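Chemist: Here is what each chain is made of, one letter per residue.
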Amino acid sequence: MGEKEFIFLLQGLKWTLALTAIAFAGGIVSGLVVALARTSDSRTLARVTAGYISLFQGTPLLMQLFVVYYGLALAGLRLEAWQAVAIGFTLHASAYLGEIWRGSIEAVPRGQMEAAKALSLGYVSRMKDVILPQAIRISLPATVGFLVQLIKGTSLAAIVGFTELARAGGIISNQTFKPLLVYGVVGAMYFLICWPLSLLGTRLEHRLATATR
Amino acid sequence: MDFGPVIEGFPRLLWGCVGTLGLALAGMALAIVIGISGVVLRDSRRAAVRWLVISFVELIRNTPFLVQIYFIFFALPFVGIRINPTPTAIIALGVNGGAYAIEIIRGGVQSINKGQVEAGYALGLRKSQVFRLVILKPALRAIYPSLASQFILLTLTTSIASAVAAYELTSVAKQIENDSFRSFEVYGVVTLLYFIMSWIMMTFLNLIWSRCLNYPVK
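Heads up: the protein sequence lines correspond to chains A and B, in order. Under our numbering, think of the first position of the first sequence as 7, with each following residue one higher. Under our numbering, think of the first position of the second sequence as 8, with each following residue one higher.
Bear in mind the hints are in silico, worked out from the structure with no lab data behind them. Please note that the accuracy of each hint is not assured.
[Unchecked claim] Beta-carbon label-pair distances, calculated as ranges:
| id | chain 1 | residue 1 | chain 2 | residue 2 | range |
| --- | --- | --- | --- | --- | --- |
| 1 | A | 117 | B | 221 | 26 to 32 Å |
| 2 | A | 167 | B | 54 | 41 to 47 Å |
| 3 | B | 29 | A | 52 | 35 to 41 Å |
| 4 | A | 118 | B | 19 | 38 to 44 Å |
| 5 | A | 198 | B | 29 | 23 to 29 Å |
| 6 | A | 127 | B | 19 | 44 to 50 Å |
| 7 | A | 16 | B | 36 | 35 to 41 Å |
| 8 | B | 51 | A | 139 | 53 to 59 Å |
| 9 | A | 209 | B | 58 | 19 to 25 Å |
| 10 | B | 36 | A | 86 | 40 to 46 Å |
| 11 | A | 34 | B | 9 | 36 to 42 Å |
| 12 | B | 118 | A | 52 | 43 to 49 Å |
| 13 | B | 121 | A | 127 | 47 to 53 Å |
| 14 | B | 185 | A | 54 | 31 to 37 Å |
[Claimed, not checked] Below, a list of computed lysine-lysine pairs in the DSBU-like style, where the Cα atoms sit at most 35 Å apart:
| id | chain 1 | residue 1 | chain 2 | residue 2 |
| --- | --- | --- | --- | --- |
| 15 | A | 123 | A | 134 |
| 16 | A | 10 | A | 20 |
| 17 | B | 121 | B | 134 |
| 18 | A | 10 | B | 181 |
| 19 | B | 134 | B | 144 |
| 20 | B | 144 | B | 181 |
| 21 | A | 184 | B | 181 |
| 22 | A | 20 | B | 181 |
| 23 | A | 134 | A | 10 |
[Unchecked claim] Which residues of chain A face chain B? A few of them, derived with a C-beta cut under 7 Å, are:
| id | residue |
| --- | --- |
| 24 | 62 |
| 25 | 165 |
| 26 | 167 |
| 27 | 191 |
| 28 | 192 |
| 29 | 193 |
Values in this document were obtained by computation on a predicted structure and should not be read as measured data. Cβ coordinates follow ideal geometry from the N, Cα and C atoms, glycine included.
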């Protein structure tokens, strides 16, 4: 494996990171909406989002990508491969982050919400100033954990035919006939990105555990 | 939309479901074996062995399953190890699930208080009773929820095994798609089948929980 092949892998890595960034950013925004709807007083909203979450948690990510990919095409939308998978990953992230944040919002002591209501704060202020700042702290370890899962998950875009790191590895391995080396390098690249994040997640978890003890 | 090809291929899809469940069960069995041995080895007196287990766990948990299964399927033949697709998938699932199982089981073992065991003896329980009632059941109870959700996750992960053409639901779906070009219809129905499978499993796992492991604490 020469310099040219290595650069090709790095370009794949760039796409892996870009895809993760898009899905995570989109997931943060839509996941917050899902979490708020899931914890809202409206029973219909809570039920619909509960169904949405369990649909994504009960089916394989690969199927979600396939359905979004071919579904958008069938609906007549002409999207490029990366756009279609980005939408798929964003929906996936919104459901998982929504569920993580639902748990965190519910983990904030009840008295906080009651106190905020007693102070006659409106819904927006109650959430923005009282509940969410505390919920975010609680949710950090799990959110970082999901980010690692998302980075690893983007490798499935390879099966749909999008050239990110895993598929770049497949292409180079077919060219060079050195799968042992190529997949070793590809695995190492994923590891070097995911491992520090995993360590960060564990550290945040310990810090939270000591803070709440 | 045309669901004709899906309806026609439905019996094949159901057999694919059987393949998926088989893969998941075999993978989980291997994962538990790896998990228990890993926990034992992680407390080894030799630092090298402990270090090896820790690196194995970190390595597996921080790389994608797809790369792991590609590595076993495409790279290992170059060092003389050639494995068929379905066994490859079982090994990959077992190794992947095993790394997670090590962490889960370790948490369960650590949750058992030593004083609890001594209290069991003080109450006049026999050794086998202490192991069964004071160690095994509470430990299993402590790890059961995480282990159960890991099992569901492993079942969903089996769909990635289609990348090496192991016999399971997604591979069957790909064949039907190739013959009919009805991609959305095929994958939509297959997604629903996965959803039903994980729902049934969840119900079943919850039933075991409420029948065998649930008892009031305090």
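Chemist: Now, for every hint given, state plainly whether the structure supports it.
Modeler: Quick rundown of the hints versus the structure:
no.	hint	verdict
1	117(A) / 221(B): 26 to 32 Å	30 Å, holds
2	167(A) / 54(B): 41 to 47 Å	46 Å, holds
3	29(B) / 52(A): 35 to 41 Å	37 Å, holds
4	118(A) / 19(B): 38 to 44 Å	54 Å, violated
5	198(A) / 29(B): 23 to 29 Å	35 Å, violated
6	127(A) / 19(B): 44 to 50 Å	58 Å, violated
7	16(A) / 36(B): 35 to 41 Å	39 Å, holds
8	51(B) / 139(A): 53 to 59 Å	45 Å, violated
9	209(A) / 58(B): 19 to 25 Å	20 Å, holds
10	36(B) / 86(A): 40 to 46 Å	42 Å, holds
11	34(A) / 9(B): 36 to 42 Å	38 Å, holds
12	118(B) / 52(A): 43 to 49 Å	33 Å, violated
13	121(B) / 127(A): 47 to 53 Å	49 Å, holds
14	185(B) / 54(A): 31 to 37 Å	35 Å, holds
15	123(A) / 134(A)	13 Å, holds
16	10(A) / 20(A)	15 Å, holds
17	121(B) / 134(B)	14 Å, holds
18	10(A) / 181(B)	34 Å, holds
19	134(B) / 144(B)	14 Å, holds
20	144(B) / 181(B)	43 Å, violated
21	184(A) / 181(B)	28 Å, holds
22	20(A) / 181(B)	29 Å, holds
23	134(A) / 10(A)	50 Å, violated
24	62	10 Å, violated
25	165	6 Å, holds
26	167	12 Å, violated
27	191	10 Å, violated
28	192	6 Å, holds
29	193	5 Å, holds
Hint check: violations occur at hints 4, 5, 6, 8, 12, 20, 23, 24, 26 and 27; the rest are consistent with the structure.
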